[in-house]
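Enquirer: Here is how the chains run, residue by residue.
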Amino acid sequence: MAAKPKLHYPNGRGRMESVRWVLAAAGVEFDEEFLETKEQLQKLQDGNHLLFQQVPMVEIDGMKLVQTRSILHYIADKHHLFGRDLKERTLIDMYVEGTLDLLELIIMHPFLKPDDQQKEVVNMAQKAIIRYFPVFEKVLRDHGQRFLVGNQLSLADIILLQTILALEEKIPNILSAFPHLQEFTVKISNIPTIKKFLEPGSKKKPPPDDIYVRTVYNIFMP
Amino acid sequence: MATKPKLYYFRGRGRMESIRWLLAAAGVEFEEEFIETAEQYEKLQKDGRLLFGQVPMVEIDGMVLTQTRAILSYLAAKYDLYGKDLKETVRINMYADGTLDLMLMIALAAFKPPAEKEESLALIVQKAQTRYFPVFEKILKDHGQDFLVGNKFSWADIQLLEAILMVEELNASVLSDFRLLQAFKTRISNIPTIKKFLQPGSQRQPPPDSHYVEVVRSILHF
Numbered sequence: 001m002a003a004k005p006k007l008h009y010p011n012g013r014g015r016m017e018s019v020r021w022v023l024a025a026a027g028v029e030f031d032e033e034f035l036e037t038k039e040q041l042q043k044l045q046d047g048n049h050l051l052f053q054q055v056p057m058v059e060i061d062g063m064k065l066v067q068t069r070s071i072l073h074y075i076a077d078k079h080h081l082f083g084r085d086l087k088e089r090t091l092i093d094m095y096v097e098g099t100l101d102l103l104e105l106i107i108m109h110p111f112l113k114p115d116d117q118q119k120e121v122v123n124m125a126q127k128a129i130i131r132y133f134p135v136f137e138k139v140l141r142d143h144g145q146r147f148l149v150g151n152q153l154s155l156a157d158i159i160l161l162q163t164i165l166a167l168e169e170k171i172p173n174i175l176s177a178f179p180h181l182q183e184f185t186v187k188i189s190n191i192p193t194i195k196k197f198l199e200p201g202s203k204k205k206p207p208p209d210d211i212y213v214r215t216v217y218n219i220f221m222p
Numbered sequence: 001m002a003t004k005p006k007l008y009y010f011r012g013r014g015r016m017e018s019i020r021w022l023l024a025a026a027g028v029e030f031e032e033e034f035i036e037t038a039e040q041y042e043k044l045q046k047d048g049r050l051l052f053g054q055v056p057m058v059e060i061d062g063m064v065l066t067q068t069r070a071i072l073s074y075l076a077a078k079y080d081l082y083g084k085d086l087k088e089t090v091r092i093n094m095y096a097d098g099t100l101d102l103m104l105m106i107a108l109a110a111f112k113p114p115a116e117k118e119e120s121l122a123l124i125v126q127k128a129q130t131r132y133f134p135v136f137e138k139i140l141k142d143h144g145q146d147f148l149v150g151n152k153f154s155w156a157d158i159q160l161l162e163a164i165l166m167v168e169e170l171n172a173s174v175l176s177d178f179r180l181l182q183a184f185k186t187r188i189s190n191i192p193t194i195k196k197f198l199q200p201g202s203q204r205q206p207p208p209d210s211h212y213v214e215v216v217r218s219i220l221h222f
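Chains as they are written, first to last, in the UniProt record's numbering: chain A, 1 to 222; chain B, 1 to 222.
Rather than coming from a laboratory, the hints here were simulated on the basis of the structure. Being a predicted model, the structure only gives us computed values, none of them experimental. From the three backbone atoms N, C-alpha and C, an ideal C-beta is built for every residue, glycine too.
With a cut-off of at most 27 Å between alpha-carbon atoms, the simulated BS3-like pairs for lysine-lysine come out as follows: (1) Lys6(B) <-> Lys46(B); (2) Lys113(A) <-> Lys117(B); (3) Lys127(B) <-> Lys64(A); (4) Lys141(B) <-> Lys64(A); (5) Lys84(B) <-> Lys152(B); (6) Lys138(B) <-> Lys43(A); (7) Lys4(A) <-> Lys196(A); (8) Lys87(A) <-> Lys46(B); (9) Lys138(B) <-> Lys38(A); (10) Lys87(B) <-> Lys43(A); (11) Lys203(A) <-> Lys4(A); (12) Lys64(A) <-> Lys87(B); (13) Lys64(A) <-> Lys43(A); (14) Lys119(A) <-> Lys117(B); (15) Lys78(B) <-> Lys78(A); (16) Lys113(A) <-> Lys112(B); (17) Lys4(A) <-> Lys87(B).
Taking CB as the label site, the calculated pair distances span: (18) Asp77(A) <-> Lys112(B): 34 to 42 Å; (19) Ser218(B) <-> Lys127(A): 16 to 24 Å; (20) Pro207(B) <-> Asn11(A): 40 to 48 Å; (21) Glu29(A) <-> Glu168(B): 43 to 51 Å; (22) Gln40(B) <-> Met221(A): 37 to 45 Å; (23) Pro192(B) <-> Glu29(A): 45 to 53 Å; (24) Glu120(A) <-> Lys112(B): 17 to 25 Å; (25) His211(B) <-> Asn190(A): 50 to 58 Å.
Bound-form chain B, shown alone (with noise of 0.2 Å):
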């Protein structure tokens, strides 16, 4: 019997969160340990098991993953998430590109001084608006479907309910204006995997607050 992955993170989303999601829906149970300290972060570095010093690491088959981007690539195609040929993969690749690019800012936007943070918070909210969700609502209105690539799900639409619930959280009506995209929150939510991974009590991590930021910066020294 194969052996869980186990997840090496801080105790929080960071840029662990979307490979929770991933295993989370493709129904996959994993471990996670948590980092707390220095100690703990020096000592992972010292067994070599973190190929360049950093985490995300996640430990599954047999081998030692670095590198989120890689990671999530790799589950993907491991649990057919990631299109049936090269021109549906890029479609995925870029729709989970952007929305990568948007959630990175709201991961980072908590490290900034309170000041910097609203306003950071601001403009995510606007590039969300006007830049990320007019995509994907235009993709759902031309094809008429009800995944984002090849009318099948896949990682384009973990990704994107992942970042739609994130800015939600930072302003709850950032959908009034997009119909289709409220209909694909909904019918991503109900899937089952995903239903259960947004109920209480899942691995699904909360939004980074001040002691999380406080733990991240004492163990990675900024």
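So here's chain A without its partners, still in its complex pose (with noise of 0.2 Å):
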């Protein structure tokens, strides 16, 4: 029996949260190994446990993955979450990216002095409505499917729901110009395993919040 996935990281979202969502959506259950101290982080560097130093790391299949698009990416082919075929797994591919582009500021924003945080949301909140929410919008408008991609499930979809709610936590009615982004979110939502992840209990962290931002700084600054 294959040995389940296991997640370095600390204990919170930043960018390993993609990762867990991608897994959870495609049924796959994982162990976590949280990072709290820079000794920790020391450890698995000098044990050569980290490709360059850095998390996400994911050991998968007797593979120690990292960087977070190669991760993605290698699950998503596995779970068959990145298409049919090479022009399908491309416009994938192509909206994952930009979404990843938005979420990076929600990733980043904790991290931001506290005069510039309020004036990030606005920065996000922007760009959502501005540069990427028409784009699917439109997708969803236009072929009428349920998904993103080639009528079925994928890793565009995943990313996407997982940004939107990141947002609405935030910013609660983001998606009020956008009735086809609503009933993808409460579509998304509803399918089984993703629904399973949305409920308390699941591995699904918590937006981060200063016990997160300070973990964080004490493990990862020189």
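These two chains come separately, so use the hints to put the complex back together.
Expert: This is how it looks when you write it as structure tokens:
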């Protein structure tokens, strides 16, 4: 029996959260080893477990994978979340890359100076509403299907849902001008594996708080 | 007869350079439209060909592709530079992601004020020598093969050569402790398609200068 994948990261969202989402959506159980101290990180680095001395790192199928995108692609490929052919795959890839650019703003937000944080929420909202959401709204409107690409669940749907929900935590009415995205959010959230992940007690992490920010500084600052 | 791929970007390296390298290494002739004014850029955006309003953009095989990594993944797959199975692909992805991170740091440093830029570039050279190059030196040492993955020329080899040459522009002796990388550099540089790309008159772009920075700033408004 294959060992469960094991995730190495601080106990919080950050760059690992997308990996948790995709594994959960694919119905894959996983273990986590939470980084809490600089010494733990040092141990991983000294033991040559982190290819470029960085996390996220995921132990899976006898490999130690790093680089968020590489990890996401591997899981998506393995669990048929990357389309049927190269064209669908590339479309999914483009959507994911765009969404990850938006998600990056959310990931970095807690580490901004307090004075800059409010301004950044405005920036995130603007980018979402002007640059990203209209694209996905149009995609869904044009083909009338439930999923973004190829009429089946893909990495693009999962990462978009993750990003929408994270933005809604900060800007509750952010989808108000996007009826198809509202419907998309409900439909994808109701997929059984995702529904389970959205319930209390799952491995989904809460929004970053002061403790998380402090832990990250302690681990990663020189 | 298929039309040549067409690249839309500023006249300089930026995020498009890795795409030029991949196409050139694969022996694929391509055309370029250089964005030199804000008007040109706005027209591309209004024409709706930039998915998220951004470049790089590549027209290829009847598709309009954006998002650097999505474009690179497509090309790697199309030109059989992506390994023979998922395990090889994920290794290529990890290595490419690492070198892309390093090269992006260099691309972004060009836009910093002079003192900060100096500091960034010094840090980049240090990262190359302590975080990235030792990894690739070890990979080559451990398997003793000519190429990084699967004993076959892949996208990872192209990326690494590109990164090595870029860092050498910052510090000519950066490879002095890496005997195998020196041999790798020579070997990959001598692949006929790459050798041609490294000669004057090719579509390879020079390092960013103040004019390039000015043009990009004026078009992207930052």
